[in-house]
Amino acid sequence: MKKRKRLLLLGDIIGMVSAIVIFVFPFLFMFINSLKDRREANLLSMALPKEFLWENYKKVFEANNYIVLTAFKNSFLLTVLSVLGLIIVCSMAGYVLQRRKDRTMSIVNFVIMTGLMIPPAILPTIWVMQGLHVYRTLFGMVMVEIALQIPFDVMLYRGFIGTIPVELEEAGYIDGCKRASLFGKIIFPLLKPVTATVIILNAVGIFNDFTNPLYFLPGSKNATVQLTLYNFMGQYSNSYNLLFADVILITVPMLIVFIIFNKRIVDGMVAGSVKG
Amino acid sequence: MNKKKIYSTWFLAPAMLIFLIFFIIPMITSLFFSMTVWDFKNFTFVGLDNFKMFFSERSLNIGIKNTLIYAVLTSGLKVILAFLIAVFLSSAIRTKNIIRSIVFFPNLVSTIAIGITFTAFMHPSKGIFNKVIEFFGGTGIDWLGNINLALFSVIATDVWKGVSIATVIYVAGIASIDKTFYEAASIDGASGWQRLKSITIPLCRPAMNSVIILSFIGGMRSFDLIWAMTGGGPGFATDVMASIVYKQYAAGFYGLSTAGNVIMFVLIAVLAFPLQKFLLSKEVD
Chain A
1 MKKRKRLLLL GDIIGMVSAI VIFVFPFLFM FINSLKDRRE ANLLSMALPK
51 EFLWENYKKV FEANNYIVLT AFKNSFLLTV LSVLGLIIVC SMAGYVLQRR
101 KDRTMSIVNF VIMTGLMIPP AILPTIWVMQ GLHVYRTLFG MVMVEIALQI
151 PFDVMLYRGF IGTIPVELEE AGYIDGCKRA SLFGKIIFPL LKPVTATVII
201 LNAVGIFNDF TNPLYFLPGS KNATVQLTLY NFMGQYSNSY NLLFADVILI
251 TVPMLIVFII FNKRIVDGMV AGSVKG
Chain B
1 MNKKKIYSTW FLAPAMLIFL IFFIIPMITS LFFSMTVWDF KNFTFVGLDN
51 FKMFFSERSL NIGIKNTLIY AVLTSGLKVI LAFLIAVFLS SAIRTKNIIR
101 SIVFFPNLVS TIAIGITFTA FMHPSKGIFN KVIEFFGGTG IDWLGNINLA
151 LFSVIATDVW KGVSIATVIY VAGIASIDKT FYEAASIDGA SGWQRLKSIT
201 IPLCRPAMNS VIILSFIGGM RSFDLIWAMT GGGPGFATDV MASIVYKQYA
251 AGFYGLSTAG NVIMFVLIAV LAFPLQKFLL SKEVD
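Chains as they are written, first to last, in full-length UniProt numbering: chain A, 1 to 276; chain B, 1 to 285.
No lab work stands behind these hints: they were computed from the structure. Positions of the beta carbon are idealized from the N, C-alpha and C atoms, including for glycine. Accuracy of the hints is not assured; some may be wrong.
As the list claims (entries may be wrong) - Within a straight-line C-alpha distance of at most 25 Å, the following computed BS3-like cross-link-like pairs (lysine-lysine) qualify:
{"no.": "1", "chain 1": "B", "residue 1": "Lys161", "chain 2": "A", "residue 2": "Lys2"}
{"no.": "2", "chain 1": "B", "residue 1": "Lys179", "chain 2": "A", "residue 2": "Lys3"}
{"no.": "3", "chain 1": "A", "residue 1": "Lys178", "chain 2": "A", "residue 2": "Lys192"}
{"no.": "4", "chain 1": "A", "residue 1": "Lys263", "chain 2": "B", "residue 2": "Lys41"}
Unchecked claim - Non-contacting residues of chain B with respect to chain A, defined by C-beta distances greater than 12 Å in every case (computed):
{"no.": "5", "residue": "Ile62"}
{"no.": "6", "residue": "Ile69"}
{"no.": "7", "residue": "Lys126"}
{"no.": "8", "residue": "Ile128"}
{"no.": "9", "residue": "Ala172"}
{"no.": "10", "residue": "Asp188"}
{"no.": "11", "residue": "Asp224"}
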């Protein structure tokens, strides 16, 4: 028994040390280098800065006419609107798809599920958006983000609604509850756990999305944080301190989300991916 | 009660409408536009010329090869490494929750940020990786500048970022295994290795299948990490389908770009669907 305890302690130590070296170290590196002056940061070393230059962060904010602030505003708007839209359309769709089992529904289901695997056809999407005059607009971008997440979120909602007993709705129906309030007042409140998962997963995914804004939301007025970071990479390839300060700024919201919702995120991701 | 009446099709309408307009219609029209030269307004039909060009031009068809290498290696490494980490985290060690959180965090950080950081680590003269190698007396490696190595350096970074989600899925899979199996096995005197081989591995099959499928499809579609680290370079050494689609778009060859997109659909359809079928059929046994 004593040998086993010692083995466990050894496991603890080895596990912690390698987790810190492999996974914490890169973030420490970003942070330390974001506080150095230019010359020092360009050495890309792990040494502590001679002087902690917090004004690097101010410089990042002021760069290109406060583009970082615009980008944060755009990214937050994009994230919040997309997530809200997804909750509404996907919970409704998942509800009907789960409760009604007929041929139309299985066709709809099949069509939606192709989206889980097949990547979007990018240029034709731009063509469609131009036709509808929503290309380069926040509205168009929100619609694309929603369309791309529909398959996954509908699947989550459908799976969860399957665990809610139908008797509740039957009772409501007999009592004369209307269709809309049957869903809005009885079912939707019961979906809280899966809605929380949807919020967290999509918020993280959409906030960190680089590819879709790159295609569908070009232009500096529309910059999102990921696009700004990418442009900084070109512009500040010689001042790693500012580059890393931007990296840290963008990572902080995720860090806060992570600290608050740690368990929820992990559970949500597992629930989502195992069902898939 | 009348199901059609309560569960009105109208509830489906918003989701279906958005999905049709912004996903299905582009997908279907892409089949046509991949056979044209177009600029969003006018098009000329050119038949299969775009595809012929794709398969004959080295700078384009290298993307197919690289995409396959990328998808197979990233998913393979994640499947194995994440399993080992998960088994370790499922043991009785006390720090497992902290370690799990630490391993998980990179998953929430933007891929571009990770790309920037690892590009700095892999800097040929100043990067930390080479500093460590030199400290132990080796000679530095040009991680991202060497044509034969660059793709693998990006793959390693992708694994670093993606191993977390795979680990978490495995941990859940292992936690759901009935503990009595292990008790019975230890009464019968099974060794740790035997328990791993005969209980853990077969019974976390569903988790393993999710990991394989998710990371394989993710690998086939991946773009942002490659774009942030190498931009497809040096030369075309790290170009994958998704980065070629973007490059052709940026260069104004919209037909060619769309053809690349269609090739991506086909690759995923002919590889991922059968793979999933195969894995699911194994699961039933």
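Hints, one by one, checked against the model:
Taken as a hint, the Lys161 of chain B and Lys2 of chain A pair is broken in the structure, with Cα atoms around 37 Å apart against an allowance of 25 Å. Simply put, Lys179 of chain B and Lys3 of chain A have alpha-carbon atoms about 23 Å apart, close enough for the 25 Å limit, and the pair holds. Distance check on the hinted pair: Lys178 of chain A and Lys192 of chain A sit about 22 Å apart at the alpha-carbon level, within 25 Å; holds. Among the hinted pairs, Lys263 of chain A with Lys41 of chain B is inconsistent with the structure: their alpha-carbon atoms are about 49 Å apart, more than 25 Å.
With a cut of 12 Å on Cβ distances, Ile62 of chain B stays outside the contact zone with chain A, its closest approach being about 19 Å. The beta carbon of Ile69 of chain B sits about 18 Å from the closest Cβ of chain A, which is more than 12 Å, so the claim that it is off the interface holds. For Lys126 of chain B, the shortest C-beta to C-beta distance to chain A comes to about 5 Å, within the 12 Å cut-off, and the non-interface label is violated. The beta carbon of Ile128 of chain B sits about 7 Å from the closest Cβ of chain A, which is not more than 12 Å, so the claim that it is off the interface is violated.
Its beta-carbon lying about 4 Å from the closest one in chain A, Ala172 of chain B breaks the requirement of being farther than 12 Å from that chain. Its beta-carbon lying about 19 Å from the closest one in chain A, Asp188 of chain B satisfies the requirement of being farther than 12 Å from that chain. For Asp224 of chain B, the shortest C-beta to C-beta distance to chain A comes to about 4 Å, within the 12 Å cut-off, and the non-interface label is violated.
Violation of the numbered hints given earlier is confined to hints 1, 4, 7, 8, 9 and 11; the remaining hints are satisfied by the structure.
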